[in-house]
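Given chain H's structure and the hints, the job is docking chain L onto it.
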Amino acid sequence: MPSRKSDHRFIEGSEETFMDERLKREREAVLQGGDRRYHEKNQSIGKMFVRERLRLLFDAGLELEDGLFANCTADGLPADGVVTGLGTIHGRTVAVMANDSTVKAGSWGARTVEKILRIQETAERLQIPLLYLVDSAGARITDQVEMFPGRRGAGRIFHNQVRLSGQVPQICLLFGPSAAGGAYIPAFCDVVIMVEKNASMYLGSPRMAEMVIGEKVSLEEMGGARMHCSVSGCGDILAASEEEALEMARSYLSYLPDSSQQAPRRQAPRSVASHDKTLSDIIPANQNAPFNMLDLIARIVDEDSWFEIKKLFAPEILTGFARLDGHVVGIVANQPRVKGGVLFVDSADKAARFIALCDAFSIPLLFLADVPGFMIGTKVERAGIIRHGAKLIAAMSEATVAKISVIVRKAYGAGLYAMAGPAFEPDVCIALPSAQIAVMGPEAAVNAVYSNKIEELEESERRAFIEQKRAEYRADIDLYKLAAELVIDDIVQPEELRGVLATRLAAYQTKVASPPRRKHAVYPV
Amino acid sequence: MSDVRASMAGTVFQVLVAVGDSVQAGQDVVVLESMKMEVPVTSESSGTVREVRIAVGDFVNEEDVLVVLD
Numbered sequence: 032m033p034s035r036k037s038d039h040r041f042i043e044g045s046e047e048t049f050m051d052e053r054l055k056r057e058r059e060a061v062l063q064g065g066d067r068r069y070h071e072k073n074q075s076i077g078k079m080f081v082r083e084r085l086r087l088l089f090d091a092g093l094e095l096e097d098g099l100f101a102n103c104t105a106d107g108l109p110a111d112g113v114v115t116g117l118g119t120i121h122g123r124t125v126a127v128m129a130n131d132s133t134v135k136a137g138s139w140g141a142r143t144v145e146k147i148l149r150i151q152e153t154a155e156r157l158q159i160p161l162l163y164l165v166d167s168a169g170a171r172i173t174d175q176v177e178m179f180p181g182r183r184g185a186g187r188i189f190h191n192q193v194r195l196s197g198q199v200p201q202i203c204l205l206f207g208p209s210a211a212g213g214a215y216i217p218a219f220c221d222v223v224i225m226v227e228k229n230a231s232m233y234l235g236s237p238r239m240a241e242m243v244i245g246e247k248v249s250l251e252e253m254g255g256a257r258m259h260c261s262v263s264g265c266g267d268i269l270a271a272s273e274e275e276a277l278e279m280a281r282s283y284l285s286y287l288p289d290s291s292q293q294a295p296r297r298q299a300p301r302s303v304a305s306h307d308k309t310l311s312d313i314i315p316a317n318q319n320a321p322f323n324m325l326d327l328i329a330r331i332v333d334e335d336s337w338f339e340i341k342k343l344f345a346p347e348i349l350t351g352f353a354r355l356d357g358h359v360v361g362i363v364a365n366q367p368r369v370k371g372g373v374l375f376v377d378s379a380d381k382a383a384r385f386i387a388l389c390d391a392f393s394i395p396l397l398f399l400a401d402v403p404g405f406m407i408g409t410k411v412e413r414a415g416i417i418r419h420g421a422k423l424i425a426a427m428s429e430a431t432v433a434k435i436s437v438i439v440r441k442a443y444g445a446g447l448y449a450m451a452g453p454a455f456e457p458d459v460c461i462a463l464p465s466a467q468i469a470v471m472g473p474e475a476a477v478n479a480v481y482s483n484k485i486e487e488l489e490e491s492e493r494r495a496f497i498e499q500k501r502a503e504y505r506a507d508i509d510l511y512k513l514a515a516e517l518v519i520d521d522i523v524q525p526e527e528l529r530g531v532l533a534t535r536l537a538a539y540q541t542k543v544a545s546p547p548r549r550k551h552a553v554y555p556v
Numbered sequence: 004m005s006d007v008r009a010s011m012a013g014t015v016f017q018v019l020v021a022v023g024d025s026v027q028a029g030q031d032v033v034v035l036e037s038m039k040m041e042v043p044v045t046s047e048s049s050g051t052v053r054e055v056r057i058a059v060g061d062f063v064n065e066e067d068v069l070v071v072l073d
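From first to last, the protein sequence lines are chains H and L. Sequential numbering from 32 applies to the first sequence in the numbering used here. Sequential numbering from 4 applies to the second sequence in the numbering used here.
Honestly, the hints are just simulated from the structure, not real lab data. It is possible that part of the hints are untrue.
What the hints assert, rightly or not - Simulated pairs of lysine to aspartate or glutamate, EDC-like, Cα-Cα distance not exceeding 16 Å: (1) H/410 with L/67; (2) H/410 with H/377; (3) H/500 with H/486; (4) H/550 with H/429; (5) H/342 with H/377; (6) H/410 with L/66; (7) L/39 with H/474; (8) H/410 with L/65; (9) H/542 with H/429; (10) H/308 with H/326; (11) H/342 with H/227; (12) H/308 with H/526.
This is chain H alone, in the form it adopts within the complex:
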């Protein structure tokens, strides 16, 4: 990246007198964005001007800009409503496209689309991350023939996004609407950060919904930031303000490499945050009692390094980045505090997606299992829990980054499989002394095997019989028996876990993948 001196703005100041008058006038006009009243309107709802956003996003502002003069001969369309170029984040060059909602509400014309396509192509050529700062009403219907259907029309943006996916990180920050076709920009990004209240995504606006299908609904209810981050799963991170969203994007990027050809950068190790209670204190002996898995994570990762993805969506499973002895790691952990840590349709989706993200960018995976299995019952069967579960198992199975499976407590049935159990080529499967690996828990197993016998018994004999059979079952799935059979590779004391993980993460860095001979799998969806 050139120094600030080569920025086009170097002309300001003493050299100003040499500047061509028309160039000066045209450039200044474009840098102002749209009409004053649109700036005022944005300001009144807490929205920053696009160039202010870029100033906060980058270490030293937008350093290179392309297509500043796009559509400059037309009236009132500065930069054709989108800013594209390069800047640096933590010293790394990244590409950006940012809608200017003061210009025709950030809508897309032909040059808008062309500029977006070009910055995507730049990101691919340079193999650098691409950020999409979205705040757009969608297509300019008046310009549709030029920007909608053709080879380099808006559809190509999505084609490029799909092509870029997994090559370089694609991050979406949503500051305003992302409407109709435009809603697919976030959909094809790796992560979507939405600003509460102002950000929204929808295919048809509430007005259109009322006209076409007769539904009366508010924008917040149908396509608001909170809804997408907690219900639909289209949003990953809910930010309270634009400043927070920009800071989150910078922070997110620190866990990722520039492209699939690189590995994430190790940072200086930090010690774990201090806590009164030890891991042994917080993990309940009763397998069926809840505890907060976040308390366990806080005791094994570097202080302040946990970066949660999809915190509000399907909270029965936790996904996020952290650093362990400075090494970046992607964590997939069951959360027994919510819905018993049972896997549902959405939790399976959430984990599958996160695993694919980590695998694409060489981020090792750490699975923390405390899972009774996949949910059963009519509701989930009708929702296709089998194919959603298959999605998770496929993504986990196909991941070739280092995979470390830690069995914290129970890992029953397909839950063991989903959490990178021994059959799925984890680099290691570690058990804590509290681990319990089985097809099902003792209570369910005894009911399943002896239900007829239990029915026949006298009331007075029943209790003792059940207790005896449960004890026999527990003995059968004894952890040391599984270790003796090499089902698990090691048993560690909870307090040793962090050290063991750090050593293993360092050791697994040279892992190589051996992909099967095929174009790609036929993925369950």
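Relative to the frame of chain H, chain L by itself:
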């Protein structure tokens, strides 16, 4: 007024509040048993318990109203 609803299908294992109790957002109000697990159900808002619609042992479906707050 707000409802505390079942986070998943299961059987009511414990009812932790009674009519008239004041409840804070984030407080556990009911514990369900589902998939052999104890599943605490927390209130998303603060208020006073107006009505408890379930008793220990009842089967509830996901989204069923368990407790009504004022």
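Numbers of the earlier hints that this structure fails to satisfy, in rising order: none
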